[in-house]
Amino acid sequence: MQKLLVLSFIFMFTSCAELQNIASQLPQDYTLSDAEISSGLKQALQFGIDREVTKLAEENGFYNNELVRITLPPELRKVDKTLRDIGLDALADKGLMVLNHAAEDAVKEAIPVFTNAVTQMSINDARNILFGPDNAATNYLQNRTSEELYRKFSPIISNSLDKVGATEVWKNIIDRYNAIPLTNNVNPDLPDYVTNEALDGVFTMISIEEKDIRNDLSARTTQLLKRVFGAQD
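For the sequence shown, numbering that gives the first Met the number 0 gives the first residue as 0, with consecutive numbering after it.
One should not assume that every hint holds.
[Unchecked claim] BS3-like, lysine-lysine: derived pairs with alpha carbons at most 30 Å apart:
id, residue 1, residue 2
1, K225, K54
2, K93, K80
3, K170, K41
4, K77, K225
5, K107, K54
6, K107, K162
7, K54, K41
8, K162, K80
9, K107, K170
10, K41, K107
11, K77, K170
12, K107, K93
13, K151, K54
[As the list claims (entries may be wrong)] Label pairs and their calculated CB-CB ranges:
id, residue 1, residue 2, range
14, I122, G164, 21 to 31 Å
15, S217, P111, 21 to 31 Å
16, S145, P73, 17 to 27 Å
17, L90, D161, 12 to 22 Å
By construction, these hints were calculated from the structure, which means they are not laboratory data. Where a beta carbon is used, it is the ideal one built from N, C-alpha and C, also for glycine.
Throw the hints in and build the complete structure from the sequences for me.
Printed below as a string of structure tokens:
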């Protein structure tokens with residue numbers, strides 16, 4: 000019995016020594032400063048803008064991306080179908096393309112607006128966002144900036160619709176549709192529709208990048224991102 004107690008004490012002290020040895024090899028400071036958290040989240044969002052949103056500004060950036068492709072508003076879907084039913088497929092296709100081209104052109108001009116919004120995030124907001132859901136930072140930006148972004152985006156979209164010929168194309172399409180017997184006239188607000196769709200597309204792509212950084216270790220391409228987002232793993 001005495002021998003068993005001696006062995007037990009030896010095992011206990013040996014185990015404690017091993018645990019202390021392992022602990023001594025671990026980093027001693029797991030605490031993130033507020034500045035690190037703020038910088039890390041801003042960096043993540045900036046990456047989302049630079050990597051994903053910039054792609055939308057490329058030629059066919061919206062149209063070739065099924066996640067954000069702008070389709071027709073409900074009131075124009077019957078216009079599209081009717082035009083195709085009477086053999087005007089090319090005209091209908093062109094109408095869809097110009098809406099997406101307008102969004103691409105506008106995103107190119109609006110990226111600085113998003114960048115500025117990122118820099119305005121407070122330290123308290125950043126700390127709360129870090130331990131939030133996968134799209135917490137994106138939701139924060141969307142909730143805090145959507146109205147301002149819409150005001151800044153809308154005139155760009157309107158000008159872009161004119162620039163790419165969308166206004167003329169859709170005037171032609173709507174005039175042709177409204178001239179068809181037994182149809183109800185339509186007159187949608189295309190700038191408003193495309194502006195909202197473009198903004199949704201931008202936030203969708205930022206959200207994808209944020210989710211990758213939160214969940215995919217390989218997406219954390221800087222030491223700051225690894226340190227900050229490692230804290231929420």
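Hints, verified against the model:
Proposed proximity of K225 and K54 is supported: the alpha carbons are some 25 Å apart, at most 30 Å. Proposed proximity of K93 and K80 is supported: the alpha carbons are some 14 Å apart, at most 30 Å. Of the supplied pair hints, the one linking K170 and K41 is violated, its CA atoms being roughly 42 Å apart against a limit of 30 Å. For the suggested pair K77 and K225, the alpha carbons sit about 50 Å apart, so the restraint of at most 30 Å is broken.
A distance of roughly 9 Å separates the Cα atoms of K107 and K54; the hinted pair therefore holds under the 30 Å criterion. Between K107 and K162, the direct Cα distance comes to roughly 14 Å. Compliance with the 30 Å bound is thereby established for this hinted pair. A hinted pair counts as satisfied when its Cα atoms are at most 30 Å apart, and K54 with K41 qualifies at roughly 19 Å. At most 30 Å may separate the alpha-carbon atoms for a hinted pair to count; K162 and K80 meet this at roughly 26 Å.
For the suggested pair K107 and K170, the alpha carbons sit about 25 Å apart, so the restraint of at most 30 Å is met. At most 30 Å may separate the alpha-carbon atoms for a hinted pair to count; K41 and K107 meet this at roughly 20 Å. About 16 Å separates the Cα atoms of K77 and K170, which keeps this hinted pair within 30 Å; it holds. The hinted pair formed by K107 and K93 meets the criterion: a straight-line CA distance of about 21 Å does not exceed 30 Å.
At most 30 Å may separate the alpha-carbon atoms for a hinted pair to count; K151 and K54 meet this at roughly 20 Å. Between I122 and G164, the C-beta spacing of about 47 Å breaks the proposed range 21 to 31 Å. Restraint check, S217 to P111: a C-beta distance of roughly 29 Å satisfies the suggested window 21 to 31 Å. Here the CB-CB span from S145 to P73 is close to 22 Å, well matched to the stated 17 to 27 Å.
Range check, L90 to D161: Cβ separation about 19 Å, and the 12 to 22 Å hint holds.
Comparing the model with each earlier hint shows violations of hints 3, 4 and 14; every other hint is respected.
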